[in-house]
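Novice: This is what each chain is made of:
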Amino acid sequence: MKPSPHNARGTKPQRLSIARIGIYVFLVVSSAFFILPLYVMVVTSLKPMAEIRLGHLFALPSSPTFEPWLTAWSSACRGLTCDGVSAGFLNSVKITLPAVTASIGLGAINGYALSFWKFRGAEFLFAVLLIGAFMPLQVFIYPLVRISSGVGLFGTLPGVVLLHICFSMPLMTLLFRNFYATIPVDLFKAARVDGAGFWVIFLHVMLPLSVPMIAVAALIQTTGTWNDYILGLIFAGSDNVPMTVLLNNVVNSQFGEKQYNVNMAATILTGLVPLILYFSSGRWFVRGITAGAVKG
Amino acid sequence: MLAMSPTALFVFGVYIGCIVWTCAISFTSSRILPNYEFVGLSQYYRLMATERWIVSVHNMVIYGIAYIGGCLIIGFLLAVFIDQKVRFENTFRTIHLFPYALSFIVTGAVWQWLFNPTMGLERALNELGLPVPGIGMLSNPHTAIYALVIASVWQGAGLVMIIMLSGLRSVDPDIWKATRVEGIPHFQTYLRIILPELHPAVLTSVVMLGIAAVKIYDLVAAMTQGGPGIATEVPAKFVMDHLFGRANVGLATAAATLMLIAVLCLLTPLLYLTYFRTRRQQ
Amino acid sequence: MSTIDIRDARVAYGAVTVLHDLNLSVDEGEFLVLLGSSGCGKSTLLNAIAGLTDLTDGQIFIGKKNVTWSEPKDRGIGMVFQSYALYPRMTVEENMSFGLRIAGMPKADVAARVARAAGILKLEQLLKRRPSELSGGQRQRVAIGRALVRDVEVFLFDEPLSNLDAKLRTELRVEIKRLHQELGNTMIYVTHDQIEAMTLADRIAVMRDGRIEQLESPEGIYARPANRFVAGFIGSPGMNFTEASIEQTDQGVRAVADDLNVDLSAYRFAGHPPDRQRIEIGYRPEHLLIGDAAREQPLQAKLTVEVTENMGADLYAWGKVGASKAVARLPTGLRIAPGSTITIGVPPEYLSVFDAATGDRL
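Protein chains in written order, with our numbering: chain Z, 1 to 296; chain F, 1001 to 1282; chain W, 2001 to 2362.
Extracted from the complex, chain Z is given alone in its bound form (with noise of 0.2 Å):
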């Protein structure tokens, strides 16, 4: 048995020992290396073509100029069209309100129903939608492009938007029905005793507690639509492009020498909703990653 010193008392002084600032070190590494494409962004989208030529990445900008945004909101080309990334951003928020807004309800109905009305057919139903979350969207496509086209929502909005809302479903299902059963089931049949049925038990009861449930999938889903690529491409049409298409058609196809500056400040442009509720959200999103990741 070691003792301490005869008079110790009250709390060992702390020593930092080598393992301690080891880990800090790495940390702090680590998360520069984390931060400095930000910094970058930031950085180049601040200066003048004439230095960014100069190639010093990492320098602050010596005379920052708010040019390169004002440009890539309203004047960038891509291709021969030369209107920015503003109207993209419109069309993104189109797309990803009404979107999110029905696979969140969709999901929380769904999971609702899965989670406390068992019927036949509800665990098979449940692992297909799960399995078809997981499935590359490339499977899709063609059956997807002959019919939209055939129904006439090919390249329209209500097109597009619908389409979303098909692919965030199971996700939503998935989160919404992990998140009921951790709701005690006596809840459910007291409800169900005093004579309640499947809407109201739904509307009163399950949706009030769903609050936290619902903020952490409308992050998770609005962070997933805004960030869409694929979908956005084929489907949207020339009228409803979203930004991340736009952001890809500015950044490659320019011709000329590039604006790396206004390509800097678009990519920060179409980044900055996501960023913003990331930023703003504390724990919520980490929440939705574990929900969604962690399963079981």
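Mixed in with the good hints, there may be bad ones.
[Said to hold, decoys possible] Using 20 Å as the maximum straight-line C-alpha spacing, the simulated DMTMM-like pairs for lysine to aspartate or glutamate come out as follows:
hint, chain 1, residue 1, chain 2, residue 2
1, W, 2177, W, 2151
2, Z, 12, W, 2008
3, W, 2177, W, 2165
4, W, 2325, W, 2355
5, F, 1085, W, 2054
6, F, 1177, W, 2286
7, W, 2128, W, 2094
8, F, 1177, W, 2263
9, F, 1177, W, 2151
10, F, 1177, W, 2193
11, W, 2064, W, 2109
12, F, 1177, W, 2259
13, Z, 12, W, 2151
14, F, 1177, W, 2094
15, F, 1085, F, 1172
16, W, 2107, W, 2151
17, F, 1085, W, 2071
18, W, 2073, W, 2109
19, W, 2073, F, 1174
20, W, 2325, W, 2286
21, W, 2302, W, 2263
22, Z, 12, W, 2258
23, Z, 12, W, 2071
24, W, 2073, W, 2094
25, W, 2320, W, 2258
26, Z, 12, W, 2057
27, W, 2064, W, 2151
28, W, 2177, W, 2008
29, Z, 12, W, 2165
30, W, 2065, W, 2151
31, W, 2302, W, 2259
32, W, 2128, W, 2109
33, W, 2065, W, 2054
34, F, 1177, W, 2153
35, Z, 12, W, 2054
36, W, 2167, W, 2151
37, F, 1177, F, 1197
These aren't lab readings, by the way, just hints derived from the structure by calculation.
No experiment lies behind these values; they were computed from the predicted model shown.
Start from chain Z and add chains F and W according to the hints.
Specialist: Then chains F and W, alone, in the frame of chain Z:
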């Protein structure tokens, strides 16, 4: 029951219907327009003979292994270090996870700029005195795929970190107390007791990352467009190109079906573990 | 020689103080129980003794050596946790030997110690099993075994029986007592269950809000609780209380209330309570007498019965004495109708008188 019928309709109609349709077309000789001339597996044989496809699969495998490996290692180290009751844990977590909130297009655009051969990272690091080969990773067909890996790991390591951290924290905290009383060193506790408990988290991570690797498209579209040459061609891009530009629907759907099978193979162990294990516990 | 000496121990987190300047001496071979409800600081105190929680101020001595800054492994203690904290992937044998193996002990010695502990705890048949294959009671014995192989002076128990069902709890309680008798080590045991405390302890430290309210043998705590809190804590059902005031008369001390006029001259006061001091009189349900015996006692009252409970071995009569709630424990077989009134009496040696304001025993 009734409320789920739109979903049920959707699931059976759209999901399964589309998958079946795609698979069906892969057995025909469709080119620009679908025809229903059944040709058996000849599209699949064509695929195996198409250099572009072989290279795509090859690239996907290399990318997949490097991506999964990189994310697992970095994500795990981050989780373990952050778990050490460090100060500013929230800050560190936030910093390492934010790339996951970004679109792959955004990620691709940024890293494409960072890898710019004349004005990007390599030049800047050289100026700082660090000996980095200044060839330009992106323009070198042998290294371009690794540039993609770096960008992807930047985006995905945070996810693995969260999954691992959640696994680490789900261990009974009294076990830590017990090991302190017994005098078992920190490192040994991790190695012999905590780590073996983590295999569900590792499995989940590997499956999710693996599926993402099979599906990769956006990042390639933004960063390299499959180049230089076909050095970063990937299966998803192959499918997209042949569905639209190159107009060979039969070949494209065959490729898509193979992607589907790959994802199913990855998914099965995870599903088996979660779904059937809970069944047994009941 | 006292094995454990705690001097002026204080544990505070920022503005919140969890342990207030605690002083405690534990004798060699003693079984000390820290008893209290959640949040009273008993687990904090145990963790501080173990070295898992740092003291903000004060000192801890184990076996005459100052261990205030020592790591848990250097304090000569073994610990058993509420959730057993067994290593999930290891067999029972590996669980018990892990710490010793890591420390580099020769295999033969390790095997000998594990065998001895397994023998004492009757774990020989279970050595090759994993924790998931064991029952709660078996798991707890393995946890004890893990502490036993360490060959230490002091054992610490943190609510080890709280996760078990009632029947198992009774069985294991007896086993722990037998263990103490056989081994003779100093044991410090934390619980919120007063029955465990009363049956296992040589001394009980009743704790509340980071302070020790009373440190005494179980009999002492039961018969002469030091204050109102301890009095109400021990005993099931708890002590009955009724309010009154002191009246100092020429014939001696009396307690007076609206419906009460009691001669307290037979009660041993610690000091001399002033006239008109507000007090609370406490008496246990099991010490009540009824019928003729009741009428001979200085403290008499009328209990208006509201509900009776037949417990098989006893009968509990719940009701009111005056305005205060009260319960009496009576022999079974008595017929008492709800609404009826019975006379109860309490011998003065079973009375407790407390200051109504501070709660201290008078």
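Novice: All the hints need checking, so say for each whether the structure fits it.
Specialist: Each hint tested on the structure:
1. W:2177 <-> W:2151: Given pair residue 2177 of chain W, residue 2151 of chain W holds - Cα atoms ~19 Å apart, limit 20 Å.
2. Z:12 <-> W:2008: Roughly 16 Å separates the two Cα atoms, so the pair holds.
3. W:2177 <-> W:2165: holds (18 Å)
4. W:2325 <-> W:2355: holds (19 Å)
5. F:1085 <-> W:2054: Satisfied, since the Cα-Cα distance of roughly 16 Å is no more than 20 Å.
6. F:1177 <-> W:2286: violated (42 Å)
7. W:2128 <-> W:2094: holds (8 Å)
8. F:1177 <-> W:2263: violated (56 Å)
9. F:1177 <-> W:2151: Holds: residue 1177 of chain F and residue 2151 of chain W sit about 18 Å apart, inside 20 Å.
10. F:1177 <-> W:2193: Violated: residue 1177 of chain F and residue 2193 of chain W sit about 23 Å apart, past 20 Å.
11. W:2064 <-> W:2109: Violated: residue 2064 of chain W and residue 2109 of chain W sit about 28 Å apart, past 20 Å.
12. F:1177 <-> W:2259: The given pair, whose Cα atoms are some 56 Å apart, is violated under the 20 Å limit.
13. Z:12 <-> W:2151: Since the Cα atoms of residue 12 of chain Z and residue 2151 of chain W sit roughly 26 Å apart, the hinted pair is violated (cutoff 20 Å).
14. F:1177 <-> W:2094: Holds: residue 1177 of chain F and residue 2094 of chain W sit about 18 Å apart, inside 20 Å.
15. F:1085 <-> F:1172: Holds - the C-alpha atoms of residue 1172 of chain F and residue 1085 of chain F are around 16 Å apart, at most 20 Å.
16. W:2107 <-> W:2151: The hint holds at about 16 Å.
17. F:1085 <-> W:2071: holds (18 Å)
18. W:2073 <-> W:2109: Distance ~19 Å between residue 2073 of chain W and residue 2109 of chain W Cα, so the pair holds.
19. W:2073 <-> F:1174: Satisfied, since the Cα-Cα distance of roughly 15 Å is no more than 20 Å.
20. W:2325 <-> W:2286: holds (15 Å)
21. W:2302 <-> W:2263: Distance of about 16 Å is within 20 Å: holds.
22. Z:12 <-> W:2258: Cα-Cα ~59 Å, so violated.
23. Z:12 <-> W:2071: holds (10 Å)
24. W:2073 <-> W:2094: holds (19 Å)
25. W:2320 <-> W:2258: holds (14 Å)
26. Z:12 <-> W:2057: holds (10 Å)
27. W:2064 <-> W:2151: holds (18 Å)
28. W:2177 <-> W:2008: violated (30 Å)
29. Z:12 <-> W:2165: Status violated; Cα separation ~40 Å.
30. W:2065 <-> W:2151: The given pair, whose Cα atoms are some 18 Å apart, holds under the 20 Å limit.
31. W:2302 <-> W:2259: Satisfied, since the Cα-Cα distance of roughly 9 Å is no more than 20 Å.
32. W:2128 <-> W:2109: holds (19 Å)
33. W:2065 <-> W:2054: Holds, at roughly 17 Å.
34. F:1177 <-> W:2153: OK: residue 1177 of chain F and residue 2153 of chain W at ~19 Å, within 20 Å.
35. Z:12 <-> W:2054: It holds: about 7 Å lies between the C-alpha atoms, which stays within 20 Å.
36. W:2167 <-> W:2151: Violated: residue 2167 of chain W and residue 2151 of chain W sit about 30 Å apart, past 20 Å.
37. F:1177 <-> F:1197: At roughly 17 Å apart (the allowed maximum being 20 Å), residue 1197 of chain F and residue 1177 of chain F satisfy the hint.
This entry does not satisfy hints 6, 8, 10, 11, 12, 13, 22, 28, 29, 36, going by the numbered hints stated previously.
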